[in-house]
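> Single-letter residue listing:
Protein chains: 2
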Amino acid sequence: MPHVPFSQFGQKLTARSGILALMDDLGRALTLQPDMRMLGGGNPAAVPEVQQLWRERMQTLLADGKAFDRMLVNYDPPQGNPHFIRALASLLQRTFGWNIREENLAITNGGQSAFFFLFNLLGGPTSDGRHKKILLPLSPEYIGYADQGLEADLFVACRPTITWPEGEARRRFKYAIDFAAVEQTLRTEPIAAIAVSRPTNPTGNVLTDDEVQKLSLLASQSGVPLILDNAYGAPFPNVIYTSATPHYAPHVILTLSLSKLGLPGTRTGIVIAAEPIASAISAMTAIAGLANGTIGQQIVLPLVESGEILDIGPRWLRPFYAEKRQAAETMTREIFTAAGVDWALHVSEGAFFHWLWLRGMSISTIELYERLKARKVLVVPGEYFFFGLPDEWPHSRECLRLNFAQPEHVMREALQIIAEEAANATK
Amino acid sequence: MPHVPFSQFGQKLTARSGILALMDDLGRALTLQPDMRMLGGGNPAAVPEVQQLWRERMQTLLADGKAFDRMLVNYDPPQGNPHFIRALASLLQRTFGWNIREENLAITNGGQSAFFFLFNLLGGPTSDGRHKKILLPLSPEYIGYADQGLEADLFVACRPTITWPEGEARRRFKYAIDFAAVEQTLRTEPIAAIAVSRPTNPTGNVLTDDEVQKLSLLASQSGVPLILDNAYGAPFPNVIYTSATPHYAPHVILTLSLSKLGLPGTRTGIVIAAEPIASAISAMTAIAGLANGTIGQQIVLPLVESGEILDIGPRWLRPFYAEKRQAAETMTREIFTAAGVDWALHVSEGAFFHWLWLRGMSISTIELYERLKARKVLVVPGEYFFFGLPDEWPHSRECLRLNFAQPEHVMREALQIIAEEAANATK
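Which chain is which? The protein sequence lines are D and R, in order.
With the numbering used here applied, the first sequence corresponds to residues 1399 to 1825, in that order.
With the numbering used here applied, the second sequence corresponds to residues 1399 to 1825, in that order.
Be aware that a few hints might be false.
Since the list gives no way to pick out one identical chain from another, each pair is judged satisfied if it fits inside one copy or across any two copies.
Stated by the list, open to error - Once the Cα atoms are required to be at most 35 Å apart in a straight line, the calculated DSBU-like pairs of lysine-lysine come out as:
| no. | residue 1 | residue 2 |
| --- | --- | --- |
| 1 | K1464 | K1572 |
| 2 | K1771 | K1464 |
| 3 | K1530 | K1612 |
| 4 | K1774 | K1464 |
| 5 | K1722 | K1464 |
None of these hints come from the bench; they were simulated from the model.
Chain D on its own, in the form it takes in the complex:
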């Protein structure tokens, strides 16, 4: 056929995106390349006790044939399954004392869809001709946001300060929000919302309760929502190794997901927000997707009713990932020191990534990514996470995101290859 021109939105949404390359490589390798060392995506690990839980739930649904049939053959309302919504509102009320009713909840086809809707609902062109932006108070931030704007330049990000909690010699660094920069940005840019992931994807940083309170206050004072992405966080899946109090207020928008509970194939995202926001998300689901997948909600429903869904993280996920995290850090220290590379790891307080800083690289990490892929190691180049920064930052070309939840021999082989290639690239 002749060349079909795309609309402006089409061109924006189909430009080669970081998230597309990531998901494409990840998905192909998962399905077709069993020999690839998968330190790339955010695919959850197969945690045996949790997989057993979902198998048993599906067996229960099948044993009660009607429940299984209904789950497949019926459309839910765009807001989500009414029983699931009711159970979740009740759980949040009684556990945290939040003033949450059913009207404050909306389900989406995965957490990524929730952000596509939220960012474009709040940010972008307004009817009075402004172009409002989403403020990311701590860059690097989740790669999956980067291309979600229907129009260009949706994000403005703030560079964090780099701290060394145990001294630089220990090679463990931590980003901290530069609140002066955030306040400055709130004053000078037309901000629609503040958004942050907790734990931060990619670094595993967990904003302290104090940082969250400060952000919440700044948002409230500025009359904008604070969006907290809890895809790996509290109250579930709660893959957090420090203490972090879940935070909600009427101007806060929380998102949750079932993916890191081991259910990414069900595409189940959850938005908790003031009623006008939650009902806007339902409306966008109706128009863009008609309804949500029913299966994730049905699988976890009794665990939401009983509250047991809050225990899965602390009981099974956290110990599983904490052990992987420790083993990977020990290996990294050993292998990178031996290779004579100038490295550091961000302190890992949540999620299941190590954020590896390779100082003094002579090539970009996108180039390094290609070299590693050729050697059957899949990582995510750090550049993709630094979108929205007003100024060039050399640090942004020196980091890799590594999923540390792979089997030990895979981690060891992969880290060895990364160290070799990093040594070659810093000579």
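Given the coordinates of chain D, work out where chain R should sit on it, guided by the hints.
Frame of chain D; chain R shown alone:
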């Protein structure tokens, strides 16, 4: 919190839409109001043999624990599951001789998402300042399209001619495409694509092979794609009571869905198109939703590999719905004639709706809808399906879409109530 202003997109996508009201009423009634007579949505019927098929498939997946675990715990690539894509491309090649490779396919989270992506990929503002439109050659057309434009006025629709195949006294009418109007619109408007559902949702009209060939030629001559929505059509689910040849060409975009095979809860849509279009849809899935639900694809995979998926419609769905269709038509004839209402039904050639024309109504069908809902009968008012028409058309306020697949006593009670209310509203 203070009032949070929405962006232009947000305002457009959250204006109270027909599809939201429809899905909301439908979903709530399905889950919470078992006494509602559900002639509203497009929810597929519970066809016992087909439900049995899906139960058995899930049991097989569970018995092979690894397959079940992989299905839940892994993200597919944004394009869709590689095994499913490969099997479907092969099935279409060998069954229809179409020149389809894996690169021509893309999965979406339901058919509705496919249209949200396609319409906004092709239509809307272009970089040279035009606002391109989607041409609907036969109005009424699917309610779910109506609000999908990211900007206003995405659609331009053509009024059909009304024919009486067996004479007006038989009260069976049929819309036919007014090709002169379509050609005129192609000349005068900036058209991005032609789009049509086959069978037509809401009417159950099935465009003849000749009409499809003519549309395809017009599209090709105009250098625009022809989008054929086969949600109820060929090659599956094939809920078609006449003969209809599936049509594909390099400038044609076909969409399919697993919903009317009884799997709407899995949200599985399929786009078949030239490679640039299919890969654009994958890119949009990655950005807006990260990945697709895996479960629908895994449930039907062996039936796609074997080709048996093509038999489900003719073997189980078609006889099931044909019997319902016949019974409902007989009841309608009896009940509406007795009520003294001036009625007619569109000939039902596919899908599972009757399109009821109530001539000389003194109220809108939106008002009638409310009166019926108060009497526990859910229908869809016809007004919603006539978007994009340049001129006012009184006929657009005289039709109802009725799902005829409900149990006999429900159909009888509902039709009786509709006839009573229609008689009241035409006095």
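> Now tell me if each hint is right for this structure.
Against the structure, the hints:
no., hint, verdict
1, K1464 x K1572, "neither (51 Å within a copy, 39 Å between copies)"
2, K1771 x K1464, "between (47 Å within a copy, 27 Å between copies)"
3, K1530 x K1612, "within (22 Å within a copy, 46 Å between copies)"
4, K1774 x K1464, "between (46 Å within a copy, 24 Å between copies)"
5, K1722 x K1464, "between (41 Å within a copy, 22 Å between copies)"
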